[in-house]
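> Modelling step: build the complete structure from the supplied sequences, incorporating the hints.
Number of protein chains: 2
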Amino acid sequence: MTSERCGLENFFNPRGVVLVGARRSPGFGFVLPLALQRQGWGDRLYLVNPAGGELHGMPVYPSLAEVPGEPDLAVVIVPAEAVPGVLEEVADRGIRHAVVESAGFAELGEEGRRLQKRCREVARRRGVRVIGPNCVGVVNTENRFSTVEVVEEALTPGTVGVIAQSGVFGNILLDGLHQRGVFISKAVTLGNRMDVDECEVLMYLHADRSTKVIMMYLEGAADGRRLVETLRLVTSDKPVLVLKSGRTEKGREATASHTGSLSGEDELYDAVFRQTGAVRAETLEELVDLARVFASQPLPRGNRLGIVTSSGSLGALATDAAVEAGLMLPFLSEETESRMRKIAPRWMNVRNPLDVGPSGAYLAAMKALMEDPGIDMVLSIMVMPYAVFREFQARGVSVRDFLGSASNLRALAPEKPLVVCSLGDRGFLEELDSSLGPEIPVITSPERAARALGALYAYRSFRERWG
Amino acid sequence: MTSERCGLENFFNPRGVVLVGARRSPGFGFVLPLALQRQGWGDRLYLVNPAGGELHGMPVYPSLAEVPGEPDLAVVIVPAEAVPGVLEEVADRGIRHAVVESAGFAELGEEGRRLQKRCREVARRRGVRVIGPNCVGVVNTENRFSTVEVVEEALTPGTVGVIAQSGVFGNILLDGLHQRGVFISKAVTLGNRMDVDECEVLMYLHADRSTKVIMMYLEGAADGRRLVETLRLVTSDKPVLVLKSGRTEKGREATASHTGSLSGEDELYDAVFRQTGAVRAETLEELVDLARVFASQPLPRGNRLGIVTSSGSLGALATDAAVEAGLMLPFLSEETESRMRKIAPRWMNVRNPLDVGPSGAYLAAMKALMEDPGIDMVLSIMVMPYAVFREFQARGVSVRDFLGSASNLRALAPEKPLVVCSLGDRGFLEELDSSLGPEIPVITSPERAARALGALYAYRSFRERWG
Chain A
43 MTSERCGLEN FFNPRGVVLV GARRSPGFGF VLPLALQRQG WGDRLYLVNP AGGELHGMPV
103 YPSLAEVPGE PDLAVVIVPA EAVPGVLEEV ADRGIRHAVV ESAGFAELGE EGRRLQKRCR
163 EVARRRGVRV IGPNCVGVVN TENRFSTVEV VEEALTPGTV GVIAQSGVFG NILLDGLHQR
223 GVFISKAVTL GNRMDVDECE VLMYLHADRS TKVIMMYLEG AADGRRLVET LRLVTSDKPV
283 LVLKSGRTEK GREATASHTG SLSGEDELYD AVFRQTGAVR AETLEELVDL ARVFASQPLP
343 RGNRLGIVTS SGSLGALATD AAVEAGLMLP FLSEETESRM RKIAPRWMNV RNPLDVGPSG
403 AYLAAMKALM EDPGIDMVLS IMVMPYAVFR EFQARGVSVR DFLGSASNLR ALAPEKPLVV
463 CSLGDRGFLE ELDSSLGPEI PVITSPERAA RALGALYAYR SFRERWG
Chain B
43 MTSERCGLEN FFNPRGVVLV GARRSPGFGF VLPLALQRQG WGDRLYLVNP AGGELHGMPV
103 YPSLAEVPGE PDLAVVIVPA EAVPGVLEEV ADRGIRHAVV ESAGFAELGE EGRRLQKRCR
163 EVARRRGVRV IGPNCVGVVN TENRFSTVEV VEEALTPGTV GVIAQSGVFG NILLDGLHQR
223 GVFISKAVTL GNRMDVDECE VLMYLHADRS TKVIMMYLEG AADGRRLVET LRLVTSDKPV
283 LVLKSGRTEK GREATASHTG SLSGEDELYD AVFRQTGAVR AETLEELVDL ARVFASQPLP
343 RGNRLGIVTS SGSLGALATD AAVEAGLMLP FLSEETESRM RKIAPRWMNV RNPLDVGPSG
403 AYLAAMKALM EDPGIDMVLS IMVMPYAVFR EFQARGVSVR DFLGSASNLR ALAPEKPLVV
463 CSLGDRGFLE ELDSSLGPEI PVITSPERAA RALGALYAYR SFRERWG
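Line by line, the protein sequences give chains A and B.
Note that our numbering has the first sequence beginning at 43, numbered continuously upward.
Note that our numbering has the second sequence beginning at 43, numbered continuously upward.
Take these hints with a grain of salt, some might be off.
[What the hints assert, rightly or not] Result set (DSBU-like, lysine-lysine): computed pairs, CA atoms no more than 30 Å apart in a straight line:
(1) A/K292 - B/K409
(2) A/K292 - B/K458
(3) A/K384 - B/K159
(4) B/K409 - B/K384
(5) B/K292 - B/K384
(6) A/K292 - A/K254
(7) B/K254 - B/K409
(8) B/K292 - A/K384
(9) B/K292 - B/K254
(10) B/K292 - A/K409
(11) B/K384 - A/K159
(12) B/K384 - A/K292
(13) B/K458 - B/K254
(14) A/K292 - A/K159
To be clear, the hints were calculated from the coordinates, so they are not data collected in a lab.
Structure, rendered in structure tokens:
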């Protein structure tokens, strides 16, 4: 009778939500109802606390049994010891999906593990699907539903699906991603994974129409073999970007403590990601770069990179990183070369990387590379000394006047990835970002920009070999 | 008579400056006089242009010969072909130091190389020391003298000496460093190095009292053997942080083009830096992190790192990077452990890395680690979900109320390096940065923060072995 397990849909698209553990004192139980009201969920939200009464103008029901309407998701924020009982009541109320945010389970050692096992037993027996415990649950930007309060900008609909293990981290990530131009479709923090794990969420996001790219922070796989099979399936349609911690023994110990999972050996994970076409990020910053670039750029046809730059040194740094990431910098075609020679000042070396220095030829060079059939992708390093930028500002010239619109640049070669790298004065950077975003990513490191393009190519060539 | 070469002092502390190539049209010749006036150099600045007349309310002398006063430095911004003649006139006027900013020399190939050789011949024969060509010269924050216009904040006096090869890059670097909490003493962009090279500047900065840390971007050594000897000498007193491009063949080609130098093999450079105690950065961002941390933190006594974190995942990522950078995370001392157990909530694992989660124990944990005699340095990962930060703001609680002042934190263990890592909401980051800066660096990546601490230890142990 309860052996048939429900899917994850209700976690993201509930008809009604019960918050068990609403309270008047500071904390999630106080702020989450407010956030959900603000996000338009007030009429489908039911608060529960044995004390009853009212909170933020809403009735508080003393028990789940008294909740009216048709809630089909419970968000549980009660002390750990109370969770098994609450899960029984959730099931009694006919609800089959619960996000358990409470901490105090397997991450604490033996006693916590026992408690978690009890919760799991209740959930399995009663047919309740659980995300958590020790997490902050889900976000769906499409319907503005979230079981954690995030900044308003983080609810801007995007195409990146996020999977994280721990709650604080997932929360911080969501708070910061929009500042880096990454907008999400759905996000899940899995916590201790007593039931729902990364594989099931991967499959859900694989099928989700609004998700085009999946980014995942993983401390250890819940089930290694299933992870391999799942990644193989998912990456054949959508890129999966992974940051895996626990590379060192000390790092593994650290992860073992805090979400109660046991990390495996790093070399094994490396092999798994390589064989399944998952793109592994080395650092958290790189994970975010990858999400930004994969979500906005097409996959390249080949590995031939053209670099145009207004600083030779930054061009050299990007070239090093690009070659190390498996890209090549071909010679320019004869046509591109003669096209550039016509407008290049005497001091300019017409080659790849194409250092246009302070000449006015920047935009022409970028166009020439975008249109060169021997170039598969373009890295545009655009820096401007503050003094020059201020001159432009004084003359009323904006970055957009200088570069044209992002969509015009994009239209030059819609099939080629284009990434802009810039550094220097904050004012210039902000103007550049707002002129180009969201279509064209601006990355503030030549090495990270080059590596992101290398990852696009690596994923494309994996798909070609195995797709 | 002219065989005795002058030192570099006049480049940084001129009595008076002639700007050859002042002009009314946009460009350096127009903006630099304005910038120097603004920086208090108007009464020691002389403009030269054959057209004569007036610029920004100052007389323009038709030739160097007509310049009054006691100028002892020339800044040359004229077309390349005119530079040999100008250098003769500079010498005729009794000036023995010239910054040649003009481009169009060895970076252009054979013809340019010949022209550069002619300039060099004049300079040698007439005893004129030259920085450049193809550069933007120098900055000295102490006397607010600069041969390039930079943002006002870049002139805030600091302790970091900067050596860069190319002009645009140096300029962009100066425009951006202050935003990352790095403040400079002196900066030099060397350009094509027809005379003054990185070794001579290293020696100058070695002797310079206001410089405590040297950061250098290098495309290729002017003289390999001399670089080894110079680095060995300098690093025994002051850390030298190096970013070297041309790691790959394509990258080397790119650098050969733009400042006319030939890059050497990367493995060789790696060995040179390792043997001389220079600290090599892998990326431009890392170079800036290193400057920030070396300029503000003491050298650690050993490699025992304590990590306190409000996010377990970020703690794990930092732990991996720290171990890979040669640091170790020791067990906490019994005293520290019992001190923490007294205040730790039940769910907290008292260990290293010390994940305090959302407990109120953050500051107490940080203090405990700072005061633990078994810990040589502390990485403090402080993140706060936006919802929590907003709660604090609403209650009028600032980061400073929460953490205390930077100098109080610093006073807990003045001999231990302390780096803070944070991520997430921009408002929180800015408040954190302004509460802790400039004494305590805030780095927005757990991996980069850990690596910077690893570099501090590596430099310290080099000094102990060879000092």
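> Could you run down the list of hints and mark each one as holding or not?
Verification of the supplied hints:
1. For a cut-off of 30 Å, the pair hint linking A/K292 to B/K409 stands: about 22 Å separates their Cα positions.
2. A C-alpha spacing of about 22 Å is found between A/K292 and B/K458, which places the hinted pair at or below 30 Å, so the restraint holds.
3. For the hint pairing A/K384 with B/K159, the CA-to-CA distance comes to about 29 Å; that is within 30 Å, so the pair holds.
4. Only pairs whose Cα atoms come within 30 Å are accepted, and B/K409 paired with B/K384 is accepted, the gap being roughly 14 Å.
5. As the CA atoms of B/K292 and B/K384 are separated by approximately 59 Å, the hinted pair breaks the 30 Å bound.
6. For the given pair, A/K292 sits about 35 Å from A/K254 by alpha-carbon distance, which is inconsistent with the 30 Å threshold.
7. For the hint pairing B/K254 with B/K409, the CA-to-CA distance comes to about 28 Å; that is within 30 Å, so the pair holds.
8. Taking the CA atoms of B/K292 and A/K384, the gap is near 25 Å; set against the 30 Å cutoff, the hint holds.
9. Straight-line distance between C-alpha atoms of B/K292 and B/K254 comes to about 34 Å, which puts the hinted pair past the 30 Å bound.
10. Of the pairs offered as hints, the one joining B/K292 and A/K409 holds, with about 22 Å between alpha carbons and a cut-off of 30 Å not exceeded.
11. Proposed proximity of B/K384 and A/K159 is supported: the alpha carbons are some 29 Å apart, at most 30 Å.
12. A distance of roughly 25 Å separates the Cα atoms of B/K384 and A/K292; the hinted pair therefore holds under the 30 Å criterion.
13. In summary, the hint linking B/K458 to B/K254 is supported, as the alpha carbons are separated by about 18 Å, within the 30 Å threshold.
14. Proximity of A/K292 to A/K159 is assessed by CA-CA distance (about 27 Å); at most 30 Å being required, the pair is judged to hold.
Of the numbered hints stated above, those contradicted by the structure are hints 5, 6, 9, listed in ascending order.
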